[in-house]
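So the protein sequences, as listed, match chains V and B. The first sequence begins at 1 in our numbering and counts up by one. The second sequence begins at 1 in our numbering and counts up by one.
Be aware that a few hints might be false.
FRET-style restraints, in silico, Cβ to Cβ [what the hints assert, rightly or not]:
1. B:Asp-375 <-> V:Leu-8: 54 to 60 Å
2. V:Val-105 <-> B:Pro-303: 43 to 49 Å
3. V:Ile-258 <-> B:Ser-323: 48 to 54 Å
4. B:Asp-238 <-> V:Leu-269: 24 to 30 Å
5. B:Arg-196 <-> V:Leu-269: 20 to 26 Å
6. B:Glu-368 <-> V:Phe-53: 45 to 51 Å
7. V:Leu-275 <-> B:Lys-215: 40 to 46 Å
8. B:Leu-103 <-> V:Leu-8: 54 to 60 Å
9. B:Asp-238 <-> V:Gly-56: 40 to 46 Å
10. V:Phe-53 <-> B:Ser-323: 25 to 31 Å
11. B:Glu-422 <-> V:His-268: 28 to 34 Å
12. B:Asp-375 <-> V:Ser-132: 51 to 57 Å
13. B:Asp-238 <-> V:Leu-8: 14 to 20 Å
14. B:Ser-323 <-> V:Ser-113: 17 to 23 Å
Residues from chain V shown here face chain B by an in silico Cβ test under 7 Å; the list is partial [unchecked claim]:
15. Leu-111
16. Ser-113
17. Ala-116
18. Arg-122
19. Ile-123
20. Asn-213
21. Thr-257
22. Pro-260
23. Gly-261
If you're looking for bench data, these hints aren't it; they were derived computationally from the structure. Glycine included, every Cβ here is placed at the ideal spot set by N, Cα and C.
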Amino acid sequence: MSTLADILVQGVLLGGLYTISALGLSLVFGVMRLVNLSHGDLMIAAVYLALAFSFGSPEVNAVLLILVAVAFAPIGYALQRLLLNQVLDPDPLRPLLVTFGLSIVLQNLFLLSFSADTQRLRIDALTEAVVSSGAVSFGALDALILVTAIGLAFGLQTIFFHTKLGRRLRAASDDSSTLGLMGLNWRHVFGLASAIAFVVIAIAGLLLALRSNVDPFSGPSRLLVAFEAVIIGGLGSFWGTLLGAMLIGIAQVVAGTIDPGWQSLGGHLVFLVILALRPQGLMPRVAQ
Amino acid sequence: MSNALSGGLTRRHLLKLTSAAVASSLAAPAIAQARPIRLGYVTPRTGPLALFGEADEFALKVAGEAFANGFTINGTNHPVEIITKDTQSSVNRAAEVTSELILSDEVDMVLVSSAPETVNPVADQCELNGVPCVSTVAPWQAVTFPRGSNPQDGFESTFHFFWGLEDIIRTFADMYDAVENNGRVGGLFPNDEDGRAWADEINGSPALFAKRGYKVVPSGFYRNLTDDFSTVISIFEDQECQLLTGAPIPPDFTTFWTQARQRGYRPKVATIAKAILFPAAVEALGDTGHNLSSEIWWSPSHPYASSLTGQSASDLAADYESSTGRQWTQPIGFAHALFEVATAAFSAAGGTGDPSAVISALRGLRAETVVGPVDWANSPIANVAKTPLVGGQWRLSDVGPHAYDLVITTNNAHPEIAAAAEFELL
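The following block holds chain B by itself, in its conformation from the complex:
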């Protein structure tokens, strides 16, 4: 199979590989060899979103090994071809490679992950062409609403699994509840899709926090890659924000946090989405990253196992660490889960070749994956399956091997995912 396709592959090279793979699988003495299942896998491997794509190579390797002997549906063995495409972190490029996948590669399903900027253009292309599409790693509001739909109507052929703003705000409010504070939350809202969704007065964080008794003081829509946050810090100081939240990008949070400390602004709790998802971004803060809080969508201590390889979440993370020499990150679980969902959908559909069978299989699917149950059948939101979300803090590690460990502290919404420590003030 054309597994573990690393970045920088040309189309020609890729075609060569895939045809070689097809040839070799034809040569094998297959019993009931059927047409291959073609999966398109679209992620940002280069460009500003490349951090999210770092788990891809590993995910493709694991999936490639799991599919090495093809995949048997109703006694028929289907070889599996995975065709990877890099969006270069560009919306236009994402749409372009997807139409290539659909029109020239004729894929049976498109898998896509990482940020609304990747998911939305890809899912739109699939919806237009009636091709089944499974997407992940973007809050569902940022996928459903900008694509012109709503939780009742949903979509025709595109399905999403992840959590929503209501889940992350709930987790952050649970953290605030655990400590004494004045109920005023400074909100760092950049002028991008995430920032606007977060700052939205009706569907965003101000309304959701208000329900829990917290008042959000917005920063104003600052531009990404700002060099000076003194004006924002003044606002938070004047409004006495003892709590801090928002969805900045990593370099901006480093600039903000360093300047805030220089100017003497010290919130009691900082619950930051997006900017501190990855250990490298926390390490960039030196020792000042200790006890910063973040959302946790997947971790090695999640009590789930892969339906493809049987590995538990901790086995999968350990496998990643030993094969790449790098600390685990949250997208690993979700990149793997995409292949689990695809497998479950083709099994339920009873074969390939008929997109409408696959689409109705997805609509009625409940799959147990390494990120938890993915359940579109019983979801109140059309075409969206919510996965469990908990919260935690980055703690300086005394024992290593990594500088910081992400520790689950807040699991009120999902007690089945064990908390490892008490929540602490900064």
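Bound-form chain V, shown alone:
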């Protein structure tokens, strides 16, 4: 039988994994109010970019992965300026359709250029290391993912609530035309925010690909839990996203201990209960 400590540790580690896949979405959806259905596929795009840089070899190193994450910043800026800014609209349907289309284009682009093979990135020293103490043991990679998730949540919270850029961005998402009157270009501000979001998305994708296989079509499976974490955490708060993801992760492991068939159900139930009791989420930072 799993001990209580073991269940909690596994739940928190799983929560870390969900946090990292939700943070990029938290920024784009929570702060910029853009429903990005290609979120998961963009994570996979980072993996394929890494594979392209390593000439198809799954053996990668930290330097390469950091380069890929940095390279995602200009990609994010360009995509926001050239495409997503054009479709921003009070009606959420336009960005929804455009990012859905982007998702399909990306998937088929991956299929054409990298085949349907399942792929994984490997840093053997990291992926095979184990942290073990007493009854509890887990992978060093899972610990790294958790630490990175907490670090990114802290970093994003700081940028968006304690810097000039963050203030401008929140202003842009609240009322872009008034921001224009202040002499600021909201298009540029959104571009910068997207650049940051893309770096976070790339980090998430790369870490996930170190953990398990990806293929051209594995992006969308990341979307559901990510949206749940952002929504129950409260729009606009990165600590909220972290908390939401943790709750889902722990609920899943607890439910899975009763019966592995209930594992994902446990997460969805927590989502429903919180949504019913507190529709604005746990720590909302954006006016409804």
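Given the coordinates of chain V, assemble chain B onto it according to the supplied hints.
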């Protein structure tokens, strides 16, 4: 002929190609040119099942070359048109493209392969319209039972060739018999069609393993693409499962296997269906894939040859490797065998144009193919012909050129397929 139709073709483009092909074959000075034989070929080329469709392009190229000068039945030369359709790994799409093939393209036969999610909707459409259909690459139970039939009654116009759960369980039990163990098998059963068929108490693996003295400890129906298997691993550890089996999808098996090693769960033998069929999935496990066991439906060392090209199994695999630069995979043989069976059926029927003649030809057919004999005439299961199944292990390759080689170790059921090495513990 419209051979080697690669993915991403539009319908318009395809029509253009086929009409050009028809025009050119009309221009040729044919002796007794008859109406063309139209074959529909339905597989998942994109979407989550696309891995199975990777052999298609090659199979179509080989078949296209074999049919280049048409196909002669009773002295009449019939040009052959192959019309390919992609199911996009979707059940609805599969049904839709099949009705297109039947109603607009008016095909004489539909060929379909890869997973019950592809085979069943396509075969159902054909059955409904009385069109001959030959399917493969799905355990027969997953085709016969969900489509509302049984081994006695079978179907009207749809025929299947592959192996069944009883064959794979037998192969896996033969592997367990070869080593000392406590007889307890952890079963990884996802909540999908394969997982449910595997976990079925009456027709599935628990009953079949029980006959051989092994007790299955089920994982519970976990959801596909699960990120955490710690709870499943705890169950297998508590129940002291020294043996591991199941039918997970590749990313889930990677997550499971990595976590199992981190948590110190080390079964003696792991016989995994589906997840480690393809070399890329084993390579994703790094060095920890060594001696994982899997079922083998076709390999270069199978002692059979193609009735279309005369190539032996090893020639066909070598041809694939040299023309694609990729390691051979098991669907290559079966994708090719579909065209062999179609050819044999039209020969036996004595022509085209009469679906009922083709259907009765299929019912009485025994064809020698690159995957072994396909025999509906003498099969105890209606409309199902079983092909031989053996088992083997992935071994890290010292010499290359590939990271891993799939080595046949267990051939008790089919000694005609030679084993290359002894079975080993993980």
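*asked:* Which constraints among the numbered hints does this structure fail? Numbers only, ascending.
replied: 11, 16, 19
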